[in-house]
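Mind docking chain G on chain C? Use the hints.
For the record, the sequence lines run as chains C and G. Note that my numbering has the first sequence beginning at 1458, numbered continuously upward. Note that my numbering has the second sequence beginning at 34, numbered continuously upward.
If you are wondering where the hints come from, they were derived from the structure by calculation, not from laboratory data. For every residue, glycine included, the Cβ atom is placed at its ideal position computed from N, Cα and C. The reader is advised that the hints may include incorrect statements.
Reference excerpt, derived from the structure (chain C facing chain G, CB under 10 Å, subset only) [said to hold, decoys possible]:
1) 1489
2) 1493
3) 1501
4) 1524
5) 1571
6) 1573
7) 1575
8) 1583
9) 1585
10) 1600
11) 1601
Straight-line Cα separation of at most 30 Å, DSS-like style, residue types lysine-lysine; simulated pairs [said to hold, decoys possible]:
12) G:186 - C:1489
13) G:186 - C:1510
14) C:1577 - G:157
15) C:1494 - G:111
16) C:1544 - G:257
17) G:294 - C:1587
18) C:1602 - G:326
19) C:1489 - G:111
20) G:326 - G:247
21) G:271 - C:1508
22) C:1577 - G:257
23) G:200 - C:1508
24) G:261 - C:1508
25) C:1544 - G:261
26) C:1602 - G:111
27) C:1602 - G:257
28) G:200 - C:1494
29) G:157 - C:1489
30) G:274 - C:1577
31) G:200 - C:1577
32) G:271 - C:1513
33) C:1602 - G:200
34) C:1510 - G:271
35) C:1513 - G:157
36) C:1577 - G:119
37) C:1489 - G:165
38) G:294 - C:1577
39) C:1508 - G:274
40) C:1489 - G:261
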Amino acid sequence: MKLLKTYSALLTFIFALVFNAPLQAQCKDAVKEGINKLDPYSFNGQTNIVKVKEGKQADLRLVFYKGYNYKIQINTEQLFAEKVSFKIVDDSNNEIFNSDANGKKLDAFTFHSNSTQELKIIITSTEKGKERHCVAVLVGSQLPKNNSSVRYL
Amino acid sequence: MIKFVRSNNSKIILKMKKYILNGSLFITLIVFASCGGSNKPSEEANADSLAAVADEDTLTNETTYNIPSAIETFILLKNSGATFDKSLLNPSTNISKYVTNFSKAINLGVYSADLSLCLLYEQKQLMNTYLKNTSDLTASLNIEGEFMQSVAKRVTNNSNNIDSLKKIVSEVNVSTNLFLGENKMNNTTAIMAGGGWIEAMYVISKIADKTPNKAIISLIADQKFVIKNLVGQLENYKSDKEIETLLVDLQDIASIYNSLKQVAAQANAKSADEGMVSIGNNTSYELSAEQLKSILAKITALRNKITS
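If we strip away everything but chain C, and leave its shape as in the complex, we get (with noise of 0.2 Å):
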C-alpha cells in the first residue's frame, strides 16, 4: 500500500509537472515582463491573466476611474505574440482601440479616462490548434502632467 502510494503521488506530480510546468512558467514570465513594459506608468496590482485557447477568444472586463492616465499592456511569450490580438470596446461595444488597425501589432493602449467606467479587453488567438496561452494584461496609472484635468468637478 505504502509503494502504491508513493508510485501513485510520484506518477501525478510528473503528469502535473508535464502538463502544467511550460504554461505556468509563460504567465510568470508574461507578468513579469509585462509589468516592466508599463514604464513610465505605476502598476496598479492588478494581475490579469487570460489563458487563450488557440483560434478562440477570450475577454477581460476591467474598471478604470476618472481623471487619470492608464497604459493597458499586453504581454505573452514571444512565439505567440505574433498571432494574438486585442481590442478594447466600451459599455456601448464601441471599438476604441485594435492592435492590428494600423498594420503594425501593437501591444499597448494608453488613454485618458474622462469618466469612470469598464472597458472590455478581447484578446483573439489567430493561430490553429488546441493548445492554451497565457496572455497578461497590466494596468498602469498616473496622474495627467498637465494636472488640470481634475478628477470630481
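Same frame as chain C, but now just chain G:
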C-alpha cells in the same frame, strides 16, 4: 526571482486536486488509491470549499472580471485629502477567529487592503503588523514558500524606504495571484478580491460619513462599476455555498447602486494631456445622502459579518 517552494507532499496533493477536477478518471483512481486508509489528518481533509472548485475549462464563459486593487482606490482617497484613521482597520488580533478556508481567504483580502492603507499613509509599525497577518494567512492557506518567507526579512531591511516597501507588497500580491492561478484556485482569488473591496468600501464610506467630501462621495459612487465586476467575478464560483451567501449580500448593495442617477460632467472639466486620447462619456453618478447612508449601513454590516 520569485519562487514558491512548498513541501513535496502539499505540492503533490494540490496537483492531485487539480487532476480530479479536470476529470481524469485514471488520475482520480490513483488519487483515491493514494489517499485511502490514511488516518493522519491530511491537507485534503481540511481543504474545505476553497479547493479548486472550478478552473477556466469549467467556467460558464470565457469572460474574466477584475476590479481595481484596494491600493488604487486608496490612492484616490488619499488624493482627496482624507487622513489616516487607525480605528478603521480590522484589528490584527482578529486573525485568531479565522479558522475556515473561506474566512481566511476573505480576511486575507481584508488585511491586504489594510496593509495597502498603512503603506500609503506610511504607517510603518502598523504595516509590519499587517504584513505579518497577511503572511500568516497566506501560509495558512498553503500559499507559502521561499519568497513569502523572505518577505519579513526584506521588510526589515527596507523599513525606511517606502518605495521599496511598496515594491515588496506589489510583488507579494502578484506572486499570490500567480500561485492561485497556477493551482486553479481562482475562487480563492475572487474571495480575496471580495474581502479587499469590502474593506476598502468600509474605510471610504466611514470617512465620507465623518467628513463629507465631494471627492470621496464620488469615489463611493464610482464603486457602481466595481461592484458589478466583483459580482461577475464571484458568480463563476457560486456553486460554493459561502460564495453564494456573499453574493446575496453584495447584490443587496448593488441594488442601491442601480438607483444612482447619471449626470454629465460640468463644462469646465478639462480633458487629457496633449496627444492623449480621451476615453469615456464624460459622465458620473450622483450619490444622495440617503443612498450613502444606506450603503454605509449595508457595507458596515457585511464587513462586521466577515471579520467577526
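Status of the hints after comparison with the structure:
{"no.": "1", "hint": "1489", "in the structure": "holds (8 Å)"}
{"no.": "2", "hint": "1493", "in the structure": "violated (12 Å)"}
{"no.": "3", "hint": "1501", "in the structure": "holds (5 Å)"}
{"no.": "4", "hint": "1524", "in the structure": "holds (9 Å)"}
{"no.": "5", "hint": "1571", "in the structure": "holds (4 Å)"}
{"no.": "6", "hint": "1573", "in the structure": "holds (4 Å)"}
{"no.": "7", "hint": "1575", "in the structure": "holds (5 Å)"}
{"no.": "8", "hint": "1583", "in the structure": "violated (16 Å)"}
{"no.": "9", "hint": "1585", "in the structure": "violated (17 Å)"}
{"no.": "10", "hint": "1600", "in the structure": "holds (8 Å)"}
{"no.": "11", "hint": "1601", "in the structure": "holds (5 Å)"}
{"no.": "12", "hint": "G:186 - C:1489", "in the structure": "holds (22 Å)"}
{"no.": "13", "hint": "G:186 - C:1510", "in the structure": "violated (40 Å)"}
{"no.": "14", "hint": "C:1577 - G:157", "in the structure": "violated (38 Å)"}
{"no.": "15", "hint": "C:1494 - G:111", "in the structure": "holds (27 Å)"}
{"no.": "16", "hint": "C:1544 - G:257", "in the structure": "holds (24 Å)"}
{"no.": "17", "hint": "G:294 - C:1587", "in the structure": "violated (46 Å)"}
{"no.": "18", "hint": "C:1602 - G:326", "in the structure": "violated (36 Å)"}
{"no.": "19", "hint": "C:1489 - G:111", "in the structure": "holds (28 Å)"}
{"no.": "20", "hint": "G:326 - G:247", "in the structure": "holds (15 Å)"}
{"no.": "21", "hint": "G:271 - C:1508", "in the structure": "holds (21 Å)"}
{"no.": "22", "hint": "C:1577 - G:257", "in the structure": "holds (16 Å)"}
{"no.": "23", "hint": "G:200 - C:1508", "in the structure": "holds (26 Å)"}
{"no.": "24", "hint": "G:261 - C:1508", "in the structure": "holds (22 Å)"}
{"no.": "25", "hint": "C:1544 - G:261", "in the structure": "holds (22 Å)"}
{"no.": "26", "hint": "C:1602 - G:111", "in the structure": "holds (19 Å)"}
{"no.": "27", "hint": "C:1602 - G:257", "in the structure": "holds (28 Å)"}
{"no.": "28", "hint": "G:200 - C:1494", "in the structure": "holds (16 Å)"}
{"no.": "29", "hint": "G:157 - C:1489", "in the structure": "holds (27 Å)"}
{"no.": "30", "hint": "G:274 - C:1577", "in the structure": "holds (29 Å)"}
{"no.": "31", "hint": "G:200 - C:1577", "in the structure": "holds (28 Å)"}
{"no.": "32", "hint": "G:271 - C:1513", "in the structure": "holds (25 Å)"}
{"no.": "33", "hint": "C:1602 - G:200", "in the structure": "holds (23 Å)"}
{"no.": "34", "hint": "C:1510 - G:271", "in the structure": "holds (24 Å)"}
{"no.": "35", "hint": "C:1513 - G:157", "in the structure": "violated (47 Å)"}
{"no.": "36", "hint": "C:1577 - G:119", "in the structure": "violated (37 Å)"}
{"no.": "37", "hint": "C:1489 - G:165", "in the structure": "holds (25 Å)"}
{"no.": "38", "hint": "G:294 - C:1577", "in the structure": "holds (23 Å)"}
{"no.": "39", "hint": "C:1508 - G:274", "in the structure": "holds (27 Å)"}
{"no.": "40", "hint": "C:1489 - G:261", "in the structure": "holds (28 Å)"}
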